[in-house]
Amino acid sequence: MHLDDSTLNEFLDRRLTRASDRQAREHLKACAACRTRLAALEELTVSLQALPDVRLPHDLVHPVLARVRPRSTSKWLTWLTALEALGGAALIATIWPRLEAALATYAAQLVPPTLAPWAATLVGSWDSNWAQWLADICVLQASADLWLRSLTAGSVMTWPLVLTVGAAALVLGALGNGVLLRFPARRA
Amino acid sequence: MDMESSPDRDLVERTRRGDAEAYGELVRRYQTSVFNVCYRLVGERQEAEDLAQDALVRGFQRLETFDADRPFGPWIRKVATNVCLNALQRRAPWNLPLDEERDDPIDADQPDPAEAQERRDRATRLRQALAELPPHYRAVIELRHFQDLSYEEMSRALALPLSDIKTHLFRARRQLARRLGAADHASG
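Quick mapping for you: the protein sequence lines, in order, are chains Z and B.
Residues in the first sequence are numbered from 1 upward in steps of one, following this note's numbering.
Residues in the second sequence are numbered from 189 upward in steps of one, following this note's numbering.
Just so you know, these hints were derived from the structure itself, not from any lab.
Treat the numbers as computed from the prediction; the structure is a model and nothing was measured.
Idealized CB from N, CA, C, for every residue including glycine.
Treat the hints loosely; a few may be bogus.
Here are some of the chain B residues that sit facing chain Z, going by a computed Cβ distance under 7 Å [as the list claims (entries may be wrong)]:
id, residue
1, S194
2, G206
3, A208
4, T220
5, N224
6, V245
7, N270
8, A311
Construct the entire structure; sequences and hints are all you get.
Next comes the structure, spelled out in structure tokens:
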């Protein structure tokens, strides 16, 4: 009677009790077939242990770090996006009157005569709304001016300075996004 | 002490305190062995690389559960094994051809060309035979022979009764030996 597969494997892995181990050794001394089976298992173990590691094709440090740091990235993006939106709004408010005048000239040439009265009403409505909005802004600006003067009496804090700081924030925002795009995740 | 000479334990502690760069150093140290666990289990390089990345991200997310008194390498390799087993369970057919032509084994020494070629051929046959095993057999071979786990540890890692582990292991070895015997016969 030969050793069964389970016993032979547990003998190989040194998991048999002392008594069972002694019995297995006695049997192996006497049984060439079981010695051959054990030798095959030992050869397999040696082959597995000799299997070389394969080189990793790509470094995983940056892709992994990009995936484990999403929280800080999104926080930064939120701030930068808010700053950029503010800067963009300030820019549009500054250039819109000139842009609107230029566009109106071209629009007058493009609109068919039948639609001209309707277009004139529409532009008039825009103008009226825009004028109202500018008036509101002027009131706000005057209030802010007063507030700034009260806060910074005697200092150099002025509106041009505030606008310059806003523009700088815009540039920093663009640079910040550029930095954040340096380590995109490699995985699709 | 700089990052490269820091022991794993310090890097784990620094990662837990929010220093993602410290985890980057752990990734640098263990990415090749994690990739090789995945490659032996899934048998396909690109998928192995993706799963290695997933495993390293999972390791970061579960770092709180890691006992810093134990070595980090075996732990992260077990995480990789579980990630791969989950992936294998989701995948229907598992017999994918190995991309051996591009395999680049890490050799400590440089034997003569004929011996090197013989080693490569042997490794190719062994990897092919491993890839042809059913996933649960591949898993027990990986845990026993490459990660050196005891039967009890394998039982816990795979959530299987000890009796199943023994049966899977000796059947996996038998199938592997037969496939290798057939491959050797075919190539010899």
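To see whether the hints hold, each was checked on the structure:
For S194(B), the shortest C-beta to C-beta distance to chain Z is roughly 15 Å, which exceeds 7 Å, and the interface hint is violated. The restraint placing G206(B) at the interface with chain Z is violated, with a minimum CB-CB distance near 9 Å, outside the 7 Å limit. At its closest, the beta carbon of A208(B) sits 5 Å from a beta carbon of chain Z; the interface hint therefore holds under the 7 Å criterion. The interface hint given for T220(B) is met, as the beta carbon of that residue sits about 5 Å from the closest beta carbon of chain Z, less than 7 Å.
Interface restraint check: N224(B) against chain Z, minimum CB-CB distance 5 Å, threshold 7 Å, status holds. With its C-beta approaching chain Z no nearer than about 5 Å, V245(B) sits inside the 7 Å limit, and its interface hint holds. Hint on N270(B) is violated. Least Cβ distance to chain Z is approximately 17 Å, over the 7 Å limit. At a threshold of 7 Å, the smallest CB-CB gap from A311(B) to chain Z is about 6 Å, leaving the interface hint in force.
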